[in-house]
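Participant: Since the structure of chain A is provided, determine the placement of chains G and H on it from the hints.
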Amino acid sequence: MITAPTIEYFALAPLLIIFGAAIIGVLVEAFAPRYLRRAVHVPLTLLSLVGAFALVILQTVRGVPTTPAAMGSVAVDGPTLFIWGTILVLSFVSVLLINDEEQFVPSAAAVPGSAEEEKAITEGAAHTEVYPLALFAIGGMLLFPASNDLLIMFVALEVMSLPLYLLCGLARRRRLLSQEASVKYFLLGAFSSAFFLYGTALLYGFAGTVDLLGIRERLAVGGGGTETLLLVGTAMLGVGLLFKIGAAPFQAWKPDVYQGAPTPITALMASGTLVAAFGAVLRVFWVALGNDSWNWEPIMWGVAALTMVAGSILAITQTDIKRMLAYSSIAHAGFLLVGVMAVGERGQNALALSGLLFYLVTYGITTVGAFAIVTLVRDPGGEAWHLSRWAGLGKRSPKLAGLFAFFLLAFAGIPLTSGFFGKYAVFRSAVALGEAWLTGLVVLAVVASAAAAFFYVRVIVLMFFSDPSADGPTVVTPSWATSTVVGFSAFATVALGVFPQPVLDLAEKAAKSLFVQ
Amino acid sequence: MGETITFWVLAVVSVSAALGLVFSRKAVYCALMLGVVMLSLAVLYAVQDAPFLAAVQIIVYTGAVMMLFLFVLMLVGVDSSDSLVETIRGQRFWAVVAGLAFAALVALGVGNVVFAPAAGLGAVNAAGNVPSLAELIFTRYVFAFEVTSALLITAALGAMVLAHRERLEQKATQRELSRERFVKYGEEGLDPSPLPGPGTYARANAIDMPALLPDGKISKLSVNRYIARYEAEEGTIDPKVAEILEGEDK
Amino acid sequence: MTTHYLVLSALLFAIGGIGVLVRRNAIVVFMCVELMLNACNLAFVTFARQNGNIDGQVIAFFVMIVAAAEVVIGLAIIVTIFRTRRSASVDDASLLKY
Numbered sequence: 001m002i003t004a005p006t007i008e009y010f011a012l013a014p015l016l017i018i019f020g021a022a023i024i025g026v027l028v029e030a031f032a033p034r035y036l037r038r039a040v041h042v043p044l045t046l047l048s049l050v051g052a053f054a055l056v057i058l059q060t061v062r063g064v065p066t067t068p069a070a071m072g073s074v075a076v077d078g079p080t081l082f083i084w085g086t087i088l089v090l091s092f093v094s095v096l097l098i099n100d101e102e103q104f105v106p107s108a109a110a111v112p113g114s115a116e117e118e119k120a121i122t123e124g125a126a127h128t129e130v131y132p133l134a135l136f137a138i139g140g141m142l143l144f145p146a147s148n149d150l151l152i153m154f155v156a157l158e159v160m161s162l163p164l165y166l167l168c169g170l171a172r173r174r175r176l177l178s179q180e181a182s183v184k185y186f187l188l189g190a191f192s193s194a195f196f197l198y199g200t201a202l203l204y205g206f207a208g209t210v211d212l213l214g215i216r217e218r219l220a221v222g223g224g225g226t227e228t229l230l231l232v233g234t235a236m237l238g239v240g241l242l243f244k245i246g247a248a249p250f251q252a253w254k255p256d257v258y259q260g261a262p263t264p265i266t267a268l269m270a271s272g273t274l275v276a277a278f279g280a281v282l283r284v285f286w287v288a289l290g291n292d293s294w295n296w297e298p299i300m301w302g303v304a305a306l307t308m309v310a311g312s313i314l315a316i317t318q319t320d321i322k323r324m325l326a327y328s329s330i331a332h333a334g335f336l337l338v339g340v341m342a343v344g345e346r347g348q349n350a351l352a353l354s355g356l357l358f359y360l361v362t363y364g365i366t367t368v369g370a371f372a373i374v375t376l377v378r379d380p381g382g383e384a385w386h387l388s389r390w391a392g393l394g395k396r397s398p399k400l401a402g403l404f405a406f407f408l409l410a411f412a413g414i415p416l417t418s419g420f421f422g423k424y425a426v427f428r429s430a431v432a433l434g435e436a437w438l439t440g441l442v443v444l445a446v447v448a449s450a451a452a453a454f455f456y457v458r459v460i461v462l463m464f465f466s467d468p469s470a471d472g473p474t475v476v477t478p479s480w481a482t483s484t485v486v487g488f489s490a491f492a493t494v495a496l497g498v499f500p501q502p503v504l505d506l507a508e509k510a511a512k513s514l515f516v517q
Numbered sequence: 001m002g003e004t005i006t007f008w009v010l011a012v013v014s015v016s017a018a019l020g021l022v023f024s025r026k027a028v029y030c031a032l033m034l035g036v037v038m039l040s041l042a043v044l045y046a047v048q049d050a051p052f053l054a055a056v057q058i059i060v061y062t063g064a065v066m067m068l069f070l071f072v073l074m075l076v077g078v079d080s081s082d083s084l085v086e087t088i089r090g091q092r093f094w095a096v097v098a099g100l101a102f103a104a105l106v107a108l109g110v111g112n113v114v115f116a117p118a119a120g121l122g123a124v125n126a127a128g129n130v131p132s133l134a135e136l137i138f139t140r141y142v143f144a145f146e147v148t149s150a151l152l153i154t155a156a157l158g159a160m161v162l163a164h165r166e167r168l169e170q171k172a173t174q175r176e177l178s179r180e181r182f183v184k185y186g187e188e189g190l191d192p193s194p195l196p197g198p199g200t201y202a203r204a205n206a207i208d209m210p211a212l213l214p215d216g217k218i219s220k221l222s223v224n225r226y227i228a229r230y231e232a233e234e235g236t237i238d239p240k241v242a243e244i245l246e247g248e249d250k
Numbered sequence: 001m002t003t004h005y006l007v008l009s010a011l012l013f014a015i016g017g018i019g020v021l022v023r024r025n026a027i028v029v030f031m032c033v034e035l036m037l038n039a040c041n042l043a044f045v046t047f048a049r050q051n052g053n054i055d056g057q058v059i060a061f062f063v064m065i066v067a068a069a070e071v072v073i074g075l076a077i078i079v080t081i082f083r084t085r086r087s088a089s090v091d092d093a094s095l096l097k098y
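Protein chains in written order, with my numbering: chain A, 1 to 517; chain G, 1 to 250; chain H, 1 to 98.
Bound-form chain A, shown alone:
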């Protein structure tokens, strides 16, 4: 006789709403006539995101549960709710971008450049499947940082990744590049998830369970002569997770994939996936392996240093605007990793966690805004991807170039932008630990930020102080959705740069309870 499992439906409601909406989306694909599909999908997707966000707020107000839900698989705690809220907001703006322009192929099965594809374009065919696929990916993103055991984390990783592999290959222009990005992302992603899985296997061998809390308890007991399993397992689990956040030396996929994917999807990956993956990194390294920090911190130190240096230096040589933003994302992952190592006793952990959460919000919002602007600057063949094409944009459309310059300054972390306070919050927590090795890393991070600022400023100079070429790119008039995205991102970047306190307070409140332990 099996006793029925107890499932806390209220705690899991945001997840269930997203998955439910995705499944309804699939049914819409199956049964709604072609001309109606888009009209159903867009409100359905946006409403489900809003609904899930409302439920997250409701839960925050009603009090955060202190035990894991769904038989111990999903931990809905303070940080999870904060991360969920962040991901839902970022997904909402990304979906506005997805909805906005014809960024996707009319028919993925048609060979690029064939008569069939042209016919599909003139007929106005469209893959409305991108909405349910995006919802599945968002559902995976929500589950990934909330997973309380390594099995569900692995499943969530795949639920998040599989739709993204597909969506990467659906760019309407530069099809070959897009398909190549899809294959690369898929093969490398599958490779890295094999490492994640082997690490899981070794930790299971060590602890006898894949439950994060179980591993923590086993670590506290210690002994048993199987520490080798723990060490190798931690390393391999780390490879899988660090790949997802694009830390060096596992960063190679990021520029290629960001460049090839349709820009709205790039925005979703650069914001949502990064936030989700960082949540998962924190949960694994703080909750499960928290008692083992002296073992993983030296390696993490090296990875963080390498990541920020590689991200900042390689960005300088880039000529493609999306590749440049990808390298900037790599550098930011390095800065965020600094905060992951700032663990100590409880108060210190809360400080580091709140800093990281705040940084993730600011970076996510700014990066969506930057990618939204990239969609607006067009050449006849699509987006004006080459940096040289952006020369003199400040003279042609000063407003747009000004906004882009503002986002770049936020990436660089100039005061009065949100990026400044994000970096400040993370670095402050690292210095507060008072360990020389971590303070040294903060110094390195500040130097790397300065180097990164150099290439951001170079782009700004290019936009404002060189003459526009006669056949330069056109700036399309943004639709209401894109204007909303750009406006929202710009507003948030300013607001968080001038009055960061409300969100900082929120992050602190979320971080105070720490993860369920």
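Please note: incorrect hints may appear among the correct ones.
Simulated restraints on C-beta separations [as the list claims (entries may be wrong)]: (1) A/466 to G/64: 50 to 60 Å; (2) G/29 to A/10: 47 to 57 Å; (3) A/2 to G/64: 43 to 53 Å.
The hints are simulated quantities; they were obtained by calculation from the structure and are not laboratory data.
In this text, a Cβ means the ideal position worked out from N, Cα and C, and glycines have one as well.
Facilitator: Quick look at chains G and H alone, frame taken from chain A:
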């Protein structure tokens, strides 16, 4: 004792098959090698008190996954053997070095761990392997089980997106096709009847056997050009076929 | 015996890893990834017996489900890119037309 023998036999088989997967140039051999590894692992699962997994391994991996691989290989061309040109110099060498170092590290690390005697699954499996698994899947891991449905839906939807072509125009009817053929006959003199199939009137019926005309000559229309070209390269082409094709290909 | 099984699984995993890095054909690379996943499953099953709880077998079961879904997506992507790249020479595929 029985387990030790099984292990050593299958360990040798699976490692050599895995090496074969990495080093054989033809993709089909790779797929078959992978099938061998999967079958050996299925037996090893059965030996280790996991009869259900052994069955699932055979059904899902060798039955479904391998078939899908072979299907795709046939679709994209069996001949597509790997090029041996290195795109990054020294990459292959360093990959092998890194892989061997990794294997040595893990094998030595794991090999040096002193395990307590295996706890064994006798007690857990007492009620039967499948009921015990079912209990865990539907209680402790029930949410993971539910979430995998999202994966399966994604897979189905994704395959549809990438492979399904919407028909954008009406399919031509038999009548239209037939009319088109006769128009072509009138304009260009193309034969409106279908091509003769291979092997018609011949002694044997095979794809490489051209059809014969009533007077015993070979019908040029029925010669499979692809096979003929291959046979010409190999030097095994039927001289009569070669004669028919001569003067045309050049 | 646990050690034996684990060393075998590590070897298979490493061979798969080498294959991913060495091979150029996308389908073969993907097969090597599958080999790595199989090696993981062997480790799970072995540890299940070592630890005396059946969780490892459940995880191996889930890995198989996930791998099946991944194969569908992966092969669909690979077929799409193959169709694009090869589009110039259709005459070589005339064998199936007869």
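Participant: If any of the earlier hints don't hold here, list their numbers in rising order.
Facilitator: 3
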